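Asks: Sequence:
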Amino acid sequence: MFDTERLRDTVLAAWAASPARFREDANAEEDFALGGYRDRLVVELAQNAADAALRAGVPGRLRLTLADGVLLAANTGAPLDETGVEGLSTLRVSGKKDETGAAGRFGVGFAAVVSVTDEPSIASRLPSGEIRGVRWSRAETAALVAATPALAGELKGREGHVPLLRLPFGDDAPGVPEGYDTLVRLPLRDQAAEEAVRRMLEEAGPALPLSMPALETVEVEVDGRSRTISAEGWHVVAEAGTFTPAQVAELFADRPTEERARPYWEVRWAVPTGRPSGGPAGGRDGVPRVVHAPTPSDEPLDLPALLIASFPMTTDRRHVAPGPLTDFLVSRAAEAYVRLLGELPATPALLGLVPGLMGSGALDAAIRREIIAALPDTPLLPSISHDADGVVPGGQARAVEGPAEFLEKIAGIVPGLLPAGWASRHPALTTLGVRRVELADVVDMLSGEAVEDKDPAWWRSLYETLPADDPEAIGAIPVPLADGRLVRGPRGTLVLSPDGAAASSGGPGVPGSLDPALLAPLGLRIVHPDAVHPLLLRLGAAEATPRTVLEDPLTHAAVAESLNSADPEPVAQAVLALVDAAGLTAGEAPWLAELALRGADGERYAAGELLLAEGSLAGLIDPEVPFGVAAPDLVEKYGPHVLAATGVLDGFAVVNDSDVLLDPAECDHDLDLEDEWLEAVLDLLPDLDVPPVVREFTAVRDLEYVADWPNALALLSRPPLRAALRPMRVLAAGETVEVPSYTAWWLSRHPVLGGRRPVELRLPTGDPLLFGLYAEAPAGIDEDALTMMGVRSTLAGLLESRGGPEELLDLLADASLEVDRAQLRSLWIALAAVDPDRVGPPEAVRAVRKGMVTVADVEDGPVVVEAPDLLPLVEDRPLVLAPFDLAEALSDVLDLPLAGEAVTGAVTSHGAEKPVPPEVRSLLPGAPATYVEHDELLVDGTPVPWRFFDGVVHATGVEGLARGLAWASGQWGDRLAVAALLRDPARVPLLLAEADLDPVTSL
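The sequence shown lines up with residues 215 to 1217 when you count with the numbering used here.
No wet-lab data here; the hints were simulated from the structure. All values reported here derive from a predicted model rather than from experimental measurement. Misleading hints may appear alongside valid ones.
The following label-pair restraints were derived from C-beta to C-beta distances [as the list claims (entries may be wrong)]:
| hint | residue 1 | residue 2 | range |
| --- | --- | --- | --- |
| 1 | Glu-1089 | Ala-1010 | 32 to 40 Å |
| 2 | Ala-357 | Gln-461 | 14 to 22 Å |
| 3 | Glu-817 | Ser-1015 | 21 to 29 Å |
| 4 | Pro-470 | Asp-655 | 34 to 42 Å |
| 5 | Asp-516 | Ala-634 | 25 to 33 Å |
Virtual Cβ for every residue (Gly too), placed ideally from N, Cα, C.
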């Protein structure tokens, strides 16, 4: 049967003739079984089944059954013949080398059975119905080898191990299942072999029929549980060809002869399409991530598809051999993969098949490089752009992130636009060469010819679909205006309410109709009604209420330019209507005073230069001031309150503002001398890094034009204008301080009270120390209002005010003003407490000379007296007299010398030292023990009654001694009592008793 006896004899004779051949066969079989083919059993069985089906030209079916420690592999196809048996029993000699499409090529695959069995067998049903079989046995082979003397040494050296598949035996009792043509029976060697087979069966998947197309199905049954494996649910792309002799010479130069005898190549890619194919879980639908050539190799391939290609392999059948043939097949594989992508549906799932740059091995990386190089020019991607037809290459495609509705809107504007669902930031798009277009760039493309035919309704539908989660990106979205213009960006545009009207957003809330035709002269950017959408408001458009229209920069510009306009009447009508609808009050929008209005004389005036004929201000204004009177028809049509809100003067106009920075660049309300007021206020505040802020700014304007001040002050001192006199609260460095309001400051600097400035007057009930220095303010205005206007009320308030100390010194230097000595002393006491830095040196001072109050120039040598014993030495000078303990401070304030600095004060006479009477020490405990008595005391050559010099009391006479001792003891107030004591020591008890009766405050 199969002439197995001849085969055994031939092999045994060859071994006996050359025992080394025995050793080589044993080693080679062991290498194949335990090396390159150690885990290929199922694959090799499937490969043999596929080749059998191919030879017979029938659908290949393979059934693998594991039961009771035996693996059965039944397949359809050509039965085993003698050539096949010889090929199975001869290493690396295949009987299929001339068969195109055969999976087996080298005659070594069946050696995989050696890893699990010692008794393999094969049975086939011949066309005649006869069943013939062949088997191999390790035990019987060992017996035959042992019986050959020439091999005894080899057998002993191999510890009895012999090649299993070199000596075939006929099988007299084979069986083949019905419906199959061949059965391979493998009794498994042991439990380890059974577990290995079980694992290989579990791992079997669609790669078997995919890599062996002649094999349609594989049925796997393990312990009674079965499953069927097929190529169903996979999309396959195949490329094949035959090498020319020149190509064989070039590409196979480094390949074995048997490979050169098979000048065929084939590349096949397969990807699952989602339908079940019988594969186990994991991998690409259960397919190992390796190159199949056509059986699995150890060559990693991390591409998301199965690659079966006729790559040349290394001798271990595990790795692809490098060389020109491999390079050729790499290029064909890349081309086939690109074709595969083109045949698949153009859906976002395609991105999962686009390879990345990093490969898991050299071969994987080489294939990826060629695929990636070809992708940008390959039409693979769908486009919804109007200029696209079907699919476009990635290099021509554009990806925009956004909903489908938005992408449909811009399809005619962005060329090669991908439909919705294609993740614009997917890395595969970059590999394909797709350009990602950011939303801001799309917005920039919405211009020129691309949108010239788009009507306002189209723009509204675009706003409806526009992604609004990035306001900055869409901030420049074009907006169609009611006047036909198309402008960039909603900011600065105005949106009318759907019915074309809007209610006032402030003031009394008076509703008003906003007619675009009426507002046209203002040049406003009003959004076309058909394009209005809430998104525009979120992006900076303003709702067109009367107030927002008034605050629009274009309205401001129209008002500012109206006086120079050839026809300002339409602008005036639009603005007056807006003011009426907004319910503005006088002073609320001071910039409106620039609006050009007609006067009663027909001339054109700025609103702020017109008076209402019946207004209270008309009778107060100086007739020489060039004010006009508002045209009567304007007053009749719009009413006095609207004209007053526009800036026409009814009563005093009031400027109201909030959160005003006290900075020259920010604080400008077009008020008379406002910059000087600001400077005066800032002088009252410390230097700050951040400008102070007035929370509520209120000021009366046009004060410079008033002629009738009595009546004007009557209005200003009563509500509501009285509020403008109150001090302003300023936030400076985190603290709130009060400063003079603009109105109060302006009035204080102008002759508004009987022809005199308020700061030149005092309240009738003011501080008596101010009498004679300030005239009395006229009656008729309450004192609080007068005080706020700057009328003086107290000496302390005067000295605290900016410039107050210098003002007082100037008044004291005015000889026409009467000041008595007691008043002068009190004024000096108050001035001594002033910071010298606030006062400039006076040119003249009020002083006492020879007992008379007089005004002395500084050149006359006035001095501040700090000690009473110096008075005789400076009696010819003007003297500034105040409590001696304030003399030094007063000297600093007035920048005048002390008396002790003007004279030497040295004692120039001689006397005798004498003890101080004990009686004096009872009254002056701190008195010195001795003093120097002089017959005539001379100081600087001048006779004086006493002198306290260098810690010693010098005196002549009782009065001098009493004063010297009292001064030296620090009890100057007791000098008269000491004098009385010295004249009559017997009075000491009485004087002490009187001292005991002094009130507590005098102690």
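Asks: Run through the hints listed earlier and report the numbers of any the structure violates, in increasing order.
Replies: Of the numbered hints, 2, 3, 4 do not hold.
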